[in-house]
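S.K.: Dock chain to chain to rebuild the complex, using the hints, since each chain is given by itself in its own frame.
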Amino acid sequence: MDEVGDAIERAYRDRYVGFRNALATITGNRESARDAVQEAFARAYRDRADFRGGSLEAWIWRIAFRVALGQANVKTTGASNEVNGALDPSVLDPELDPELARALRSLPPRRRLIVFLRYFADFDYSQIAAACEISEGTVAASLAQARTQLKQLLESEGVRR
Amino acid sequence: MTESDADRRIASRFAAIADRKDDSDWHDVLRRAEDRGVPHPRRPPLRRVAIAAAPAAAIVTAVLLLAGDAIFPGAPPERALAITHDADPVTKEDSVRIRVVNAGADPDQMNAELREAGINACVETVPVTRDSVGDWLGVGASGGSPDGLPSEPPEPGSGDFPVGRFLETLADQIDEHPKFITVSIPLPRGVSRLELQVGRPAEPGEEPVSAEGPIWAGGPCFRPGFSNENSTP
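These protein sequences, in sequence, are chains A and B. Read in my numbering, the first sequence has 136 at position 136, and its numbers run on one by one without any break. Plus 161 on top of the position in the second sequence (first one is 1) and you've got my numbering.
Please note: incorrect hints may appear among the correct ones.
[Stated by the list, open to error] Output of the computed footprint for chain B on chain A, the stretches with three or more beta carbons under 8 Å from beta carbons of chain B:
#1 12 to 26
#2 95 to 104
#3 110 to 121
#4 133 to 141
It should be emphasised that the hints constitute simulated quantities derived from the structure, not laboratory data. Where is the CB? At the ideal position from N, CA and C, for every residue including glycine.
Okay, chain B solo, but in the shape it has when bound (with noise of 0.2 Å):
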């Protein structure tokens, strides 16, 4: 059976118990919508500002870019990391999507980054096949146990403990899409530390670590799972 015949048969599959019934009602949409008071299109009010600031700030990147090293005697570092925030439209949770954009860079680089995008994390990098250079390979967390939460750590996969439900979202997120991450910000309550391992390119001579070996353990900071800082005698 090829793809496509895969795909046709589940489509009939699935068209045979859709409920085709089309009780949409457009007006009661716009009536919920006047009922929370629709702002009609608005112009955010920075945007004047911003055009009055655009030739401005043109004249100033042109003035850098053609001064270059003259200005900035150390010309400042490639970002190791890609981090755009994204706030969600209705809860207006914030959360900040993270991809490796120099997985040779520093981790102190790379924990700088975090640091300034408001997540205090530890990464450290793992030798692995070119393959899997900058994926997410790994994630824990360490804090201490205030209120409410339990004394003992929760395991990811739990689903019971913010910490649990946190580390497991993470988790899948690597199964599934290993070059990115997205972590909500501020991290969960009774989490101090983010714990990440990235894929970097081995170096000369130095065995790539594979997915299916054992976890790697030469770095300073990760240990997978929930590590209580307080629960130690």
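The following block holds chain A by itself, in its conformation from the complex (with noise of 0.2 Å):
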């Protein structure tokens, strides 16, 4: 197999469940968002000759992204993939915490999407960067704003607990 190939599945396997996770938060569902993982890996396995070099997971998270919003957009509206208007990723399972879940509520969902490519798909800032095409300074400033947002409640929990 080519070396693009094989980092292909490499990054599968070692992320598959980040992905997964990550994605949920977009499609609304874990089994959508299965497929919308399957999908991105099997157009980027496809396509890797057009791959054109710099972090493989984040060229792959592009490809995801779009799937995943694809299958979003067909659920609720049926329009075409029009990333902004269906950008409004939300914890998967709000009752499971409540508190955080309204709290990410609370932040723009770019943000939340930064936050979530950070902590479900464990994204360093290199990676969320280039999946998202900012610089990584965008990326730690829009953490580190997330991070305010959420003192309030981080704060509660750390009294409570």
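M.R.: What follows is the structure, encoded as structure tokens:
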């Protein structure tokens, strides 16, 4: 097998759960998120000759993101693949941690997505930057702002626990 | 609470609610890829031409560098914008990423460079403090009302109309990373011209505009939001 194909398979085996959980925040459930991950890796594998270097995981993420948005749109509006119309990521099962879910809802959608990429998909700053096509500085700033916004929740948790 | 404390605590909350079930299936990925007719790593047909052309290009480049102004008496001006095309690997939609590399350049030069990239734009430069030089500060659009668009101009943020979404996307980008914007091309139906504001160094004695201040009203073209050229009586 070729080098990029091997790397895609490694990324899949290492990061499948993180990808699925992050995508579930967009698609709304685990099954469709799983389908989006499968589809995205299949497309990435098929089109691997188009990979031009940089972060392979970020490249796959961008494909997965498009696939997930397409799924979300089909289910919600039937509209075409419009990024901003569908970008409203949320915790899959808010009952598991209602406080966290509520606090996350207070974040703007893009910042929320960065938080999900950090904590669900376990992306580092450079991967998030590459995935979202923004600078690492913007990632750091967004996460810092998110933490500030979540501070009240975190502090109250600190008191209780 | 330090930032790393906060990071740890958020991570632990996410870990507690994360779905750990691993239902991955690599063979299914391969099957799906095969179903679509997987091309094995392919060599772009132009590569051979590129390789063959490389030595010739190197010679031409060397000659041009050596000759310099003898061939081009008026050497081409420094680029005002760094513009890169980026086709989405899935949708194949084309987009351009635009970064200002010479904020002191004439707006007409920026307009010309954008036109070369397929964008009809009117750029306006605004005096700003040093840290905002080269930042994209505002975005607007003008156009007509072709079929399918509302007679009233959509508000940015409405999300209901292609133009509204288009402007909202650009405005979000400027909020998140003012140093560059990515514009999908062609421009959406109904948008005939993109209007942009960019920060430039303030001239001596000129008052820089602050982000919190009023909208700069000194330029020839920029109007925030959408202006419908056909709506005026």
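S.K.: Verify this for me: three or more residues of the stretch 110 to 121 of chain A with a beta carbon less than 8 Å from a beta carbon of chain B.
M.R.: holds (count 4)
S.K.: Quick check: the stretch 133 to 141 of chain A, covered by chain B? Criterion 3+ residues, Cβ under 8 Å.
M.R.: holds (count 4)
S.K.: Per the coverage rule (Cβ-Cβ under 8 Å, at least three residues), is the stretch 12 to 26 of chain A covered by chain B?
M.R.: holds (count 7)
S.K.: How does the stretch 95 to 104 of chain A fare against chain B when you require at least three residues with a CB closer than 8 Å, holds or violated?
M.R.: It holds: at least three residues are needed, and the stretch 95 to 104 of chain A offers 3 whose Cβ sits within less than 8 Å of chain B.
Hint violations for this structure: none, all hints satisfied.
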